[in-house]
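S.K.: The residues making up each chain are set out below.
Number of protein chains: 2
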Amino acid sequence: MPTIRDIARLAGVSVATVSRIINHSGKVRPETEKKVKQIIQETHYQPNQVARTLYQKRSKMIGIVVPNLNNTFYAQVIDGIQSVLQKNNYSALISFSTSSDGSKYLEAIDNFKNNNVDGIITSAFTPPANWNPTTPLVMYDSADIQDKIVRISSDNSKGGQESVKLIAKNVKKVLVQHWPLSLPTIRERVEAILKELNRQNIAYVLEEVSESDPYLAAQQALNKRNTFDAIITVNDPYAAEIIKEAKRRGVNIPKDFQLVGYDNNILCEYTDPTLSTIDQQPHLIGQTAATRLFKMMAGDTSTNNDIINVIPIKRNSTY
Amino acid sequence: MPTIRDIARLAGVSVATVSRIINHSGKVRPETEKKVKQIIQETHYQPNQVARTLYQKRSKMIGIVVPNLNNTFYAQVIDGIQSVLQKNNYSALISFSTSSDGSKYLEAIDNFKNNNVDGIITSAFTPPANWNPTTPLVMYDSADIQDKIVRISSDNSKGGQESVKLIAKNVKKVLVQHWPLSLPTIRERVEAILKELNRQNIAYVLEEVSESDPYLAAQQALNKRNTFDAIITVNDPYAAEIIKEAKRRGVNIPKDFQLVGYDNNILCEYTDPTLSTIDQQPHLIGQTAATRLFKMMAGDTSTNNDIINVIPIKRNSTY
Numbered sequence: 001m002p003t004i005r006d007i008a009r010l011a012g013v014s015v016a017t018v019s020r021i022i023n024h025s026g027k028v029r030p031e032t033e034k035k036v037k038q039i040i041q042e043t044h045y046q047p048n049q050v051a052r053t054l055y056q057k058r059s060k061m062i063g064i065v066v067p068n069l070n071n072t073f074y075a076q077v078i079d080g081i082q083s084v085l086q087k088n089n090y091s092a093l094i095s096f097s098t099s100s101d102g103s104k105y106l107e108a109i110d111n112f113k114n115n116n117v118d119g120i121i122t123s124a125f126t127p128p129a130n131w132n133p134t135t136p137l138v139m140y141d142s143a144d145i146q147d148k149i150v151r152i153s154s155d156n157s158k159g160g161q162e163s164v165k166l167i168a169k170n171v172k173k174v175l176v177q178h179w180p181l182s183l184p185t186i187r188e189r190v191e192a193i194l195k196e197l198n199r200q201n202i203a204y205v206l207e208e209v210s211e212s213d214p215y216l217a218a219q220q221a222l223n224k225r226n227t228f229d230a231i232i233t234v235n236d237p238y239a240a241e242i243i244k245e246a247k248r249r250g251v252n253i254p255k256d257f258q259l260v261g262y263d264n265n266i267l268c269e270y271t272d273p274t275l276s277t278i279d280q281q282p283h284l285i286g287q288t289a290a291t292r293l294f295k296m297m298a299g300d301t302s303t304n305n306d307i308i309n310v311i312p313i314k315r316n317s318t319y
Numbered sequence: 001m002p003t004i005r006d007i008a009r010l011a012g013v014s015v016a017t018v019s020r021i022i023n024h025s026g027k028v029r030p031e032t033e034k035k036v037k038q039i040i041q042e043t044h045y046q047p048n049q050v051a052r053t054l055y056q057k058r059s060k061m062i063g064i065v066v067p068n069l070n071n072t073f074y075a076q077v078i079d080g081i082q083s084v085l086q087k088n089n090y091s092a093l094i095s096f097s098t099s100s101d102g103s104k105y106l107e108a109i110d111n112f113k114n115n116n117v118d119g120i121i122t123s124a125f126t127p128p129a130n131w132n133p134t135t136p137l138v139m140y141d142s143a144d145i146q147d148k149i150v151r152i153s154s155d156n157s158k159g160g161q162e163s164v165k166l167i168a169k170n171v172k173k174v175l176v177q178h179w180p181l182s183l184p185t186i187r188e189r190v191e192a193i194l195k196e197l198n199r200q201n202i203a204y205v206l207e208e209v210s211e212s213d214p215y216l217a218a219q220q221a222l223n224k225r226n227t228f229d230a231i232i233t234v235n236d237p238y239a240a241e242i243i244k245e246a247k248r249r250g251v252n253i254p255k256d257f258q259l260v261g262y263d264n265n266i267l268c269e270y271t272d273p274t275l276s277t278i279d280q281q282p283h284l285i286g287q288t289a290a291t292r293l294f295k296m297m298a299g300d301t302s303t304n305n306d307i308i309n310v311i312p313i314k315r316n317s318t319y
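If you're matching them up, the sequences are chains A and B in order.
Using UniProt numbering, the first residue of the first sequence is number 1, and each one after it goes up by one.
Using UniProt numbering, the first residue of the second sequence is number 1, and each one after it goes up by one.
These aren't lab readings, by the way, just hints derived from the structure by calculation.
It is possible that some hints are incorrect.
Note that the list lumps identical chains together, so a pair holds whenever it fits in one copy or between two copies.
In silico lysine to any residue, SDA-like type, Cα no more than 20 Å apart, as pairs [said to hold, decoys possible]:
{"no.": "1", "residue 1": "K224", "residue 2": "R249"}
{"no.": "2", "residue 1": "K224", "residue 2": "E208"}
{"no.": "3", "residue 1": "K37", "residue 2": "N114"}
{"no.": "4", "residue 1": "K104", "residue 2": "D79"}
{"no.": "5", "residue 1": "K244", "residue 2": "T274"}
{"no.": "6", "residue 1": "K104", "residue 2": "Q46"}
{"no.": "7", "residue 1": "K247", "residue 2": "T274"}
{"no.": "8", "residue 1": "K165", "residue 2": "D229"}
{"no.": "9", "residue 1": "K169", "residue 2": "I311"}
{"no.": "10", "residue 1": "K87", "residue 2": "K104"}
{"no.": "11", "residue 1": "K113", "residue 2": "I4"}
{"no.": "12", "residue 1": "K148", "residue 2": "Q220"}
{"no.": "13", "residue 1": "K104", "residue 2": "V84"}
{"no.": "14", "residue 1": "K60", "residue 2": "S97"}
{"no.": "15", "residue 1": "K247", "residue 2": "G12"}
{"no.": "16", "residue 1": "K247", "residue 2": "D272"}
{"no.": "17", "residue 1": "K60", "residue 2": "R29"}
{"no.": "18", "residue 1": "K247", "residue 2": "N316"}
{"no.": "19", "residue 1": "K195", "residue 2": "E208"}
{"no.": "20", "residue 1": "K37", "residue 2": "L284"}
{"no.": "21", "residue 1": "K60", "residue 2": "S25"}
{"no.": "22", "residue 1": "K87", "residue 2": "S97"}
{"no.": "23", "residue 1": "K247", "residue 2": "P67"}
{"no.": "24", "residue 1": "K37", "residue 2": "T227"}
{"no.": "25", "residue 1": "K244", "residue 2": "E269"}
{"no.": "26", "residue 1": "K314", "residue 2": "D256"}
{"no.": "27", "residue 1": "K244", "residue 2": "I266"}
{"no.": "28", "residue 1": "K113", "residue 2": "Q46"}
{"no.": "29", "residue 1": "K113", "residue 2": "P2"}
{"no.": "30", "residue 1": "K224", "residue 2": "T17"}
From just these sequences and the hints, can you work out the full model?
M.R.: Following this line, the structure appears as structure tokens:
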């Protein structure tokens, strides 16, 4: 394999001149450029990306932190990010943060910096006070918190409100299952649910459920099923588990109680009954995060958040 | 930020000595090592991964090509790969090949090489004759083809045979839906299906279906539903679509016909009836691919393929 030095020697020019031609940066005489390009072609020279990084300070890599891929929500966010990276000829360095521990995120971000990524897109975590990411960084799946971090938030308030509207017909009392309110996105959504329930004068009971065990949450819901006539639950896999358990117990949805999930997971179309839910548009979240990051990399310093619209989807688990 | 030169100057040693200490390579006097480590700690020096790559010829990055993440099969393969990378302190550079076009794969692999990855794990594609990947490379989701490429194959023959066994009770004629037989993994599976059907003297009809439209495939199946009493279809989303369409038409599964999918997708648990299927153990496929790659990176030159066992899962769509 020829090196950049070989090309320079064969063309009778300096290494810096070859570099300028490869990287389309700085002025070079047209005759020189033509000559160098011809030699590059003849020798099948391939510029080494790592060496180019040291020259250019651009790696053309983005670091992405994602909690896991088994949740199709995140898979679709990545798909959205990827669609923007591809157009810009960027690669994705991906790190999986299997823990919600903030220090794991900081570790992944440090590792990205050591690989000279040009920017970082991470799922939400709570950084230390006054933390300043020295590399352009966008946080997705975040609550709408006002600070110096650029956040891409789902419209959790509208999501909560629309969940209530989906089950509001003929309803007297609602079971609201939720993850810990210490999670900012959950707090935003649950606050909006309660506000809308109060506005419509609908009674409710709140129940915190396990973050890892939808089966247990379904048992808990069905065990007290005579005390409510609708369930708003944390997401679609939790709702699908309730549908399964209801069938096992001979309980009819929506006749005995209505049910609404969250996310518009592929499951919703195939459960019986099909599942009413809220679509967070994860592909658009990913696209928006990446588009925003490229703006920051080009010098944009604004720190306002982007709020992504949510769409209620009415199916057969609600009236 | 201090550089490696600063550390060397402060410690009164050469840059090469600092490098040896950082990279745990070569001998250094214990007193020198202690002194340099102390200075590294005091100055909060972080070795730059890109610069280390040029020194060490190791980037500690693996390139992964994946068709897409919307299919949970691939998400689980990545998860399995990731579990091995994490243990070895490696990062994943991921490229999405949205096309089955071989040249797209070669492009992604070239891009990985430019980023100096230490190894590559790619989903199956057909490379040019006598293609020699100069970087250690493992192919997953591949047929069991004997050549110089290390392939991780699912046991497609057993998968085909077990599909038949799942529907073999009281069956007279089977509809076998499949993707084009030009795909080597499909060919392996369908050949085993036909062999087992013949062995058991069960009549069948073969039908090639669209690779992108499970809805259309479900219509085609239901339109001729009086001609068979079992369906073996391409994968679980295709089977879920058949369940949905059967319900719409008032057809009962398994009473009117039995149905078996492929992959053990999360959908299988939530359809009504639940879906019998074949589990390919995608997490194990990913783990095996990564473990094998690390062996190759350590000098192993064997080219035999690894065959991953499949597991039939009996649920309520079959007797």
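S.K.: Would you mind marking each hint as holding or not holding in the structure?
M.R.: Here is what the structure says about each hint:
no.: 1; hint: K224 - R249; result: within (12 Å within a copy, 35 Å between copies)
no.: 2; hint: K224 - E208; result: within (14 Å within a copy, 49 Å between copies)
no.: 3; hint: K37 - N114; result: between (32 Å within a copy, 19 Å between copies)
no.: 4; hint: K104 - D79; result: between (23 Å within a copy, 17 Å between copies)
no.: 5; hint: K244 - T274; result: both (12 Å within a copy, 10 Å between copies)
no.: 6; hint: K104 - Q46; result: between (36 Å within a copy, 17 Å between copies)
no.: 7; hint: K247 - T274; result: both (13 Å within a copy, 12 Å between copies)
no.: 8; hint: K165 - D229; result: within (14 Å within a copy, 44 Å between copies)
no.: 9; hint: K169 - I311; result: within (19 Å within a copy, 45 Å between copies)
no.: 10; hint: K87 - K104; result: between (30 Å within a copy, 14 Å between copies)
no.: 11; hint: K113 - I4; result: between (26 Å within a copy, 16 Å between copies)
no.: 12; hint: K148 - Q220; result: neither (41 Å within a copy, 55 Å between copies)
no.: 13; hint: K104 - V84; result: between (26 Å within a copy, 17 Å between copies)
no.: 14; hint: K60 - S97; result: between (22 Å within a copy, 18 Å between copies)
no.: 15; hint: K247 - G12; result: neither (79 Å within a copy, 75 Å between copies)
no.: 16; hint: K247 - D272; result: both (9 Å within a copy, 9 Å between copies)
no.: 17; hint: K60 - R29; result: neither (27 Å within a copy, 39 Å between copies)
no.: 18; hint: K247 - N316; result: both (15 Å within a copy, 14 Å between copies)
no.: 19; hint: K195 - E208; result: within (18 Å within a copy, 53 Å between copies)
no.: 20; hint: K37 - L284; result: neither (40 Å within a copy, 46 Å between copies)
no.: 21; hint: K60 - S25; result: within (15 Å within a copy, 30 Å between copies)
no.: 22; hint: K87 - S97; result: between (26 Å within a copy, 13 Å between copies)
no.: 23; hint: K247 - P67; result: neither (32 Å within a copy, 36 Å between copies)
no.: 24; hint: K37 - T227; result: neither (77 Å within a copy, 65 Å between copies)
no.: 25; hint: K244 - E269; result: both (14 Å within a copy, 8 Å between copies)
no.: 26; hint: K314 - D256; result: within (18 Å within a copy, 30 Å between copies)
no.: 27; hint: K244 - I266; result: both (16 Å within a copy, 13 Å between copies)
no.: 28; hint: K113 - Q46; result: between (25 Å within a copy, 10 Å between copies)
no.: 29; hint: K113 - P2; result: between (29 Å within a copy, 15 Å between copies)
no.: 30; hint: K224 - T17; result: neither (76 Å within a copy, 69 Å between copies)
When the structure is compared with the earlier hints, violations turn up for hints 12, 15, 17, 20, 23, 24, 30 and for no others.
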